[in-house]
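Colleague: Below are the chains, spelled out letter by letter.
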Amino acid sequence: MVDIAFGPSEGKRPNLSDNREAYLDMVRRKRMYGGILMVVFIALMASGWSLSEDRNAGGFLEGLHQIFDFPAEVFAEAWTKLVLLPGVVIDHLPALIETLNIAAVATLLGALAAMSLSLLATRGLARWPRLIPLFRRTMDALRAIPEIVIALVLIYILGGGPMPAVIAIALHTGGALGKLFSEVAENADLKPVEGLASVGANWSQRMWLGVIPQVAPNWLSYALLRFEINVRASAILGFVGEGGIGHDLKLAMQWGQGRYDQVVGIFALLFLTIVIIDQVSDHFRHKLVKGH
Amino acid sequence: MFATPFTPSLAATVTRSFTRKRRLAFAIPAAILAYLIYAAISFDVAGLVQRARFDNAAILLSDFWSHKTHVTRDNRSGDVVVAIEGENKGTYPEGMLPDWVTVAGGVTTVDLGQGHVVTYDDRGARYVVPGYGTIDIHPEGGKPVLTAPEPIPDWISVSENKVSVTTDAGRFSYSRSKVETFKYEAGWELWFFTLESPFYGKSWVQLAALATTGDRIDPARTNLGYMAHEFWTNKMWHHADVAWAIFETILMAFLGTMTAALVALPLSFLAARNFSPLGPLRFAARRIFDFVRGVDGLIWTIILSRAFGPGPMTGAIAIAITDSGTFGKTFSEALENIDEKQVEGIRSTGANALQRARFGVIPQITPVLLSQILYYLESNTRSATVIGAIVGGGIGLLLTQAIITQKDWEEVAYYMVLIVLMVMLMDSLSGWLRRKLIKGT
Numbered sequence: 000m001v002d003i004a005f006g007p008s009e010g011k012r013p014n015l016s017d018n019r020e021a022y023l024d025m026v027r028r029k030r031m032y033g034g035i036l037m038v039v040f041i042a043l044m045a046s047g048w049s050l051s052e053d054r055n056a057g058g059f060l061e062g063l064h065q066i067f068d069f070p071a072e073v074f075a076e077a078w079t080k081l082v083l084l085p086g087v088v089i090d091h092l093p094a095l096i097e098t099l100n101i102a103a104v105a106t107l108l109g110a111l112a113a114m115s116l117s118l119l120a121t122r123g124l125a126r127w128p129r130l131i132p133l134f135r136r137t138m139d140a141l142r143a144i145p146e147i148v149i150a151l152v153l154i155y156i157l158g159g160g161p162m163p164a165v166i167a168i169a170l171h172t173g174g175a176l177g178k179l180f181s182e183v184a185e186n187a188d189l190k191p192v193e194g195l196a197s198v199g200a201n202w203s204q205r206m207w208l209g210v211i212p213q214v215a216p217n218w219l220s221y222a223l224l225r226f227e228i229n230v231r232a233s234a235i236l237g238f239v240g241e242g243g244i245g246h247d248l249k250l251a252m253q254w255g256q257g258r259y260d261q262v263v264g265i266f267a268l269l270f271l272t273i274v275i276i277d278q279v280s281d282h283f284r285h286k287l288v289k290g291h
Numbered sequence: 000m001f002a003t004p005f006t007p008s009l010a011a012t013v014t015r016s017f018t019r020k021r022r023l024a025f026a027i028p029a030a031i032l033a034y035l036i037y038a039a040i041s042f043d044v045a046g047l048v049q050r051a052r053f054d055n056a057a058i059l060l061s062d063f064w065s066h067k068t069h070v071t072r073d074n075r076s077g078d079v080v081v082a083i084e085g086e087n088k089g090t091y092p093e094g095m096l097p098d099w100v101t102v103a104g105g106v107t108t109v110d111l112g113q114g115h116v117v118t119y120d121d122r123g124a125r126y127v128v129p130g131y132g133t134i135d136i137h138p139e140g141g142k143p144v145l146t147a148p149e150p151i152p153d154w155i156s157v158s159e160n161k162v163s164v165t166t167d168a169g170r171f172s173y174s175r176s177k178v179e180t181f182k183y184e185a186g187w188e189l190w191f192f193t194l195e196s197p198f199y200g201k202s203w204v205q206l207a208a209l210a211t212t213g214d215r216i217d218p219a220r221t222n223l224g225y226m227a228h229e230f231w232t233n234k235m236w237h238h239a240d241v242a243w244a245i246f247e248t249i250l251m252a253f254l255g256t257m258t259a260a261l262v263a264l265p266l267s268f269l270a271a272r273n274f275s276p277l278g279p280l281r282f283a284a285r286r287i288f289d290f291v292r293g294v295d296g297l298i299w300t301i302i303l304s305r306a307f308g309p310g311p312m313t314g315a316i317a318i319a320i321t322d323s324g325t326f327g328k329t330f331s332e333a334l335e336n337i338d339e340k341q342v343e344g345i346r347s348t349g350a351n352a353l354q355r356a357r358f359g360v361i362p363q364i365t366p367v368l369l370s371q372i373l374y375y376l377e378s379n380t381r382s383a384t385v386i387g388a389i390v391g392g393g394i395g396l397l398l399t400q401a402i403i404t405q406k407d408w409e410e411v412a413y414y415m416v417l418i419v420l421m422v423m424l425m426d427s428l429s430g431w432l433r434r435k436l437i438k439g440t
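Chains as they are written, first to last, in numbering that gives the first Met the number 0: chain L, 0 to 291; chain R, 0 to 440.
Since the hints were derived computationally from the structure, they do not count as laboratory data.
Keep in mind the model is a prediction, meaning the values are calculated, not measured.
Some hints here could point you the wrong way.
Here are the simulated DSBU-like cross-link-like pairs (lysine-lysine), alpha carbons at most 35 Å apart as the crow flies [claimed, not checked]:
1. R:Lys340 to R:Lys328
2. R:Lys201 to R:Lys234
3. L:Lys249 to R:Lys201
4. R:Lys234 to L:Lys178
5. L:Lys249 to R:Lys340
6. R:Lys201 to L:Lys289
7. R:Lys201 to L:Lys29
8. L:Lys289 to L:Lys190
9. R:Lys328 to L:Lys249
10. L:Lys286 to R:Lys88
11. L:Lys178 to R:Lys201
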């Protein structure tokens, strides 16, 4: 008789009469696979790094001791102009506020879009269950387009200013948050929704009163995390495109020597802002998710 | 008599709480609205509507899915040049013309379709617009003189030195030095083969026949190999360079993510409360992670490209440094949440610290580790596009260059499609790997 558990074919199957041998056999096989994977991984990493070094303008070893040259040069110059530094920081505050505003507005708009998109794309809650795949694919596409692509195209159409960055980040945020929001909403308790349905509430009332209060803490926590990410994204977009502190940094860098006090000022502003936002959002997220 | 004289009744408490909630329900949307209005004012949204160049949007959209062919005559020498997008690389070679252009003697006829016909001859140029009439232009003293049915409609613009006509079928302009007609057609022309390639203009069936049974065009190699070579070295679309750029972007993301994970894993043991008994050391490790994360990827990228020069390695190192901070934080949090029982079990067999870590700890945090790494691999593919634009490598560089020229929008569209496909591919790849490795199905 053929043992079903080991498949129909005779031959390769663990010899259960000798437990120890079977176990060691399995361990050996596992180790071999692990070893092969490890070798492949190391080969990939090594060839990848050497390939990218070949394509790079400067080599790794020549560059290594230069890493601190630029920061040293910048800080040395800024040190001599230390008294000017507070002034520089104040000069760039409006640009920093613009960067923060870009991130905040984009997070807000993106989160609002993500709220409706995610509810429409969640099984059990969707207004039109047949359209769930459509909304899911929409979110996938929104997530897939990097912000810089939309931002650069919009700069061409809308001209400079912060709006291209806002729209670009908001679209991406809508897709990214939509996915996370819908994962949270999937786990929501449906009883309040049924209760509301039994008293004749329409879809938006069921969502607003039955689902949103349940998921709000988690959603807020994700939105805060996204805001953190968007502040960084908005600084980078400023550097590549236009607007905000990133643009100021680019101008100061292009000027080169003589403006390094500005570079240091902007670096310091950016660093402090990101650290503060990180800490504050960390604190609130813990509070939101773990309860008061 | 008085049971609870000083505590408010239940009804009052509930009413107050409801009032508070109701007020909040209005206050939060109102605050959001107020903030958005403030932002709209500070971002000058009203001015934006005026500054927006919707003609640019129209050019961009039409370039995304169509191409134009220029038929140009030099008014001094009389030479006629037909070129796709007006580019040198897309110029029709001698003796080869699209079927809607005929050159006979000194007369060039351009059939724009729908009855629109443009003729260049030695007297000047004529454009027959159905339902309107003939627009006739002839030079007088070097300046173009227009004869057309009155009144002149607004789609014909006349200035002292130039007459231009824009219709649904195409665009036509006559200036002192040259006369030019643009015909718009759907599709990305020359995407497979350029004009000088022997395979240009052949249908799929013809190509398939050539590849399988046809005689060799170049006796030195097979037709299929020749086709692949012609496609790969296409001068208009640079398929080889684009493929390399995509590979470079993925390479940056892969190297950066994996190196970050390899660096962060040992350091995260130092930062975890249950593995690092030395307070100061733990504090130092955590502050290092915070510092690395706080100095934004943008700043790292700038500093590193000063040291290593532009290229993919710089991008990969920038990703590696930024993400080792993030990984260090999440890994050490995962380490603090492990189940101590398994470590104790391993300890009871007399294992040393390294063995306890390998067999008691790593198996527990592997799911967290893998899902984090795979998630970041996917998100770094996107970041590598942006970082590539700054450090000068990968598809990000090609994209920004194409956008800066402000005319090769069809290339921009092509790169955008490729980037989206690349990110979606990495997304599903990482999702598939995650399911495979973590759930083991």
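Colleague: Against each hint, give a clear statement of whether it holds in the structure.
Modeller: Okay, the hints, checked on the actual structure:
1. R:Lys340 to R:Lys328: 23 Å, holds
2. R:Lys201 to R:Lys234: 18 Å, holds
3. L:Lys249 to R:Lys201: With Cα atoms ~49 Å apart, L:Lys249 and R:Lys201 exceed 35 Å; violated.
4. R:Lys234 to L:Lys178: Violated, at about 41 Å.
5. L:Lys249 to R:Lys340: 53 Å, violated
6. R:Lys201 to L:Lys289: 66 Å, violated
7. R:Lys201 to L:Lys29: With a Cα-Cα distance of about 54 Å, the restraint between R:Lys201 and L:Lys29 is violated, given a limit of 35 Å.
8. L:Lys289 to L:Lys190: Holds, at about 23 Å.
9. R:Lys328 to L:Lys249: 30 Å, holds
10. L:Lys286 to R:Lys88: Since the Cα atoms of L:Lys286 and R:Lys88 sit roughly 62 Å apart, the hinted pair is violated (cutoff 35 Å).
11. L:Lys178 to R:Lys201: 45 Å, violated
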